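As they're listed, the protein sequences go chains A and B. Counting along the first sequence from 1, when you hit position 23 you're at 23 in my numbering, and nothing is skipped either side. So the mapping is simple: my numbering equals the position in the second sequence, first residue as 1, plus 113.
Quick caveat, the hints were computed from the structure, so don't treat them as lab data. Treat the numbers as computed from the prediction; the structure is a model and nothing was measured. The C-beta atom is built at its ideal place from N, Cα and C for all residues, glycine as well. Keep in mind that a hint or two might mislead.
[What the hints assert, rightly or not] Examples of chain A residues lying across from chain B (beta carbon under 8 angstroms, computed):
| hint | residue |
| --- | --- |
| 1 | 41 |
| 2 | 45 |
| 3 | 52 |
| 4 | 54 |
| 5 | 97 |
| 6 | 101 |
[Unchecked claim] Residues of chain A placed beyond 10 angstroms of chain B at every Cβ, according to the derived structure:
| hint | residue |
| --- | --- |
| 7 | 33 |
| 8 | 43 |
| 9 | 77 |
| 10 | 100 |
| 11 | 102 |
| 12 | 111 |
[Claimed, not checked] So these bits of chain B aren't anywhere near chain A, every CB distance computed over 10 angstroms:
| hint | residue |
| --- | --- |
| 13 | 117 |
| 14 | 120 |
| 15 | 121 |
| 16 | 125 |
| 17 | 131 |
| 18 | 133 |
| 19 | 137 |
| 20 | 146 |
| 21 | 169 |
| 22 | 170 |
| 23 | 181 |
| 24 | 182 |
| 25 | 213 |
| 26 | 215 |
| 27 | 224 |
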Amino acid sequence: NAGVTQTPKFQVLKTGQSMTLQCAQDMNHEYMSWYRQDPGMGLRLIHYSVGAGITDQGEVPNGYNVSRSTTEDFPLRLLSAAPSQTSVYFCASRTLAGANEQFFGPGTRLTVL
Amino acid sequence: AQKITQTQPGMFVQEKEAVTLDCTYDTSDPSYGLFWYKQPSSGEMIFLIYQGSYDQQNATEGRYSLNFQKARKSANLVISASQLGDSAMYFCAMRESNNNDMRFGAGTRLTVKP
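Working from the sequences, and respecting the hints, build out all of it.
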């Protein structure tokens, strides 16, 4: 059981470049989400999904796209990277039943120059 | 609007002593969950403890306990017998029953001194 995995661990982009952050979970969780963590601000929700084919916006969705074609995968796309998107990105998953633990991936540290 | 407030940017505690990390929250939903996560310098988010709004007793998990005062809307984390490995960032979070969004506080950096 690998839990929540994220790739890459580190990435440097130039302004305007695009890329996809990968997230996968093997726990058959319905709910998956992406957060960004900036210094002094805790984690903020970017997008989330409650199941395959269903996505919705969180607190800070601008500049990011997501899709959920399978239960396991929830990629985050940056279409045109900006320096303001320099951050640490966390993917998380949990079951929809109950209200307990949300499992986090190890994070991706992204720098946009 | 900020729903989770952690007023202590940094805290120091002597090894083997107890420490309380403060968290207050704001919600009009009668059903919600409160969470504490630990983030060591390695960066991963580690779940520590959960408290449901309807739980009659304060949650405990080993050396961690949650001092839940519903009327005051506070959910303070108490760490007993601090260890050097407890040095980390600690985040309080809340999820309302009618909302999939988990909101986090800004965090408290705890340093345990030998």
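Outcome of the hint check:
1. 41: 6 angstroms, holds
2. 45: This interface hint holds because 5 angstroms falls under the 8 angstroms limit.
3. 52: Where the cut-off is 8 angstroms and the nearest Cβ of chain B is about 16 angstroms from residue 52(A), the hint is violated.
4. 54: Because about 11 angstroms separates residue 54(A) from the closest Cβ in chain B, which is outside the 8 angstroms limit, the hint is violated.
5. 97: This interface hint is violated because 12 angstroms lies over the 8 angstroms limit.
6. 101: 5 angstroms, holds
7. 33: Given a closest Cβ separation of 8 angstroms, the condition is violated.
8. 43: The assertion about residue 43(A) is violated, with a minimum of 4 angstroms to chain B.
9. 77: 20 angstroms, holds
10. 100: 5 angstroms, violated
11. 102: 6 angstroms, violated
12. 111: About 15 angstroms separates residue 111(A) from the closest Cβ of chain B, which puts it past 10 angstroms; holds.
13. 117: 8 angstroms, violated
14. 120: Label holds. Min Cβ-Cβ 13 angstroms, cutoff 10 angstroms.
15. 121: 13 angstroms, holds
16. 125: 19 angstroms, holds
17. 131: At about 24 angstroms from chain A, residue 131(B) clears the 10 angstroms cut-off, so the statement holds.
18. 133: 19 angstroms, holds
19. 137: 14 angstroms, holds
20. 146: Violated: least Cβ distance 4 angstroms, not greater than 10 angstroms.
21. 169: 16 angstroms, holds
22. 170: 16 angstroms, holds
23. 181: Answer for residue 181(B): holds, closest chain A Cβ roughly 14 angstroms.
24. 182: Per Cβ check, residue 182(B) is outside 10 angstroms of chain A; nearest 19 angstroms; holds.
25. 213: 6 angstroms, violated
26. 215: 6 angstroms, violated
27. 224: 17 angstroms, holds
Hints 3, 4, 5, 7, 8, 10, 11, 13, 20, 25, 26 from the list above are not met by this structure, while the remaining hints are.
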